[in-house]
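Visitor: Sequence:
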Amino acid sequence: MSILDIGKLGPSDNLQIPFADGGVRAGFPSMAQDTVDRCLDLNSLVMSHPSTTFCARVKGDSMIGAGVHDGDILVIDRSLEPRDGDMAVCFVDGEFTLKFIEIADDCLWLRPANPDYPKIKVTEDNDFVVWGVVTYTIYKRR
1 MSILDIGKLG PSDNLQIPFA DGGVRAGFPS MAQDTVDRCL DLNSLVMSHP STTFCARVKG
61 DSMIGAGVHD GDILVIDRSL EPRDGDMAVC FVDGEFTLKF IEIADDCLWL RPANPDYPKI
121 KVTEDNDFVV WGVVTYTIYK RR
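Each residue of the sequence shown is one higher than the last, beginning at 1 in the numbering used here.
There's no promise every hint is true.
Said to hold, decoys possible - No more than 27 Å apart at the CA atoms, straight line, and that leaves these computed lysine-lysine pairs for DSS-like:
1) Lys119 with Lys59
2) Lys59 with Lys140
3) Lys59 with Lys121
To be verified - Here are the in silico distance ranges between beta carbons for each label pair:
4) Ile138 with Phe91: 32 to 38 Å
5) Phe96 with Lys121: 15 to 21 Å
6) Arg83 with Asn126: 16 to 22 Å
Please keep in mind that the hints were generated in silico from the structure rather than gathered at the bench.
Every residue gets a Cβ at the ideal spot worked out from N, C-alpha and C, and that includes glycine.
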């Protein structure tokens, strides 16, 4: 899975949308809520570190098992220290890729979420860097 169109988010790109903070039940239905409690500022939701937060569009299907689809938008924080199990944008041998970070038996692996793709073992021979940790995925349903 490759990454296309990496772009920076800016705090001046303010987008507020009406937000029913009371919640929407995913179990048994409840009485409808007629009022919107407040506005949701998407910047404050997705950007803990504005100067190191970027967006990128996904290209490919190696992370489909994790709910990440071709064309989705990733929110990536470059200030976060990657941990085992994190979904991350990595730069490997001249190309960006989106994978899970896996540390096992003193080895670093990049694990896809699609059985059609192999795990990638990262060695000292690779030109490798974790470019950033994925904090949100925006998936268009319709």
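Visitor: Decide, hint by hint, whether the structure agrees.
Guide: These are the hints, each one checked on the structure:
Under the criterion of a C-alpha separation no larger than 27 Å, the hint pairing Lys119 with Lys59 is consistent with the structure, at around 18 Å. For the given pair, Lys59 sits about 14 Å from Lys140 by alpha-carbon distance, which is consistent with the 27 Å threshold. Using a Cα cut-off of 27 Å, the hinted pair Lys59 and Lys121 holds, with the two alpha carbons roughly 21 Å apart. Here the CB-CB span from Ile138 to Phe91 is close to 22 Å, at odds with the stated 32 to 38 Å.
For Phe96 and Lys121, the Cβ-Cβ distance of about 18 Å falls inside the hinted range of 15 to 21 Å, so the restraint holds. For Arg83 and Asn126, the Cβ-Cβ distance of about 20 Å falls inside the hinted range of 16 to 22 Å, so the restraint holds.
Comparing the model with each earlier hint shows a violation of hint 4 alone; every other hint is respected.
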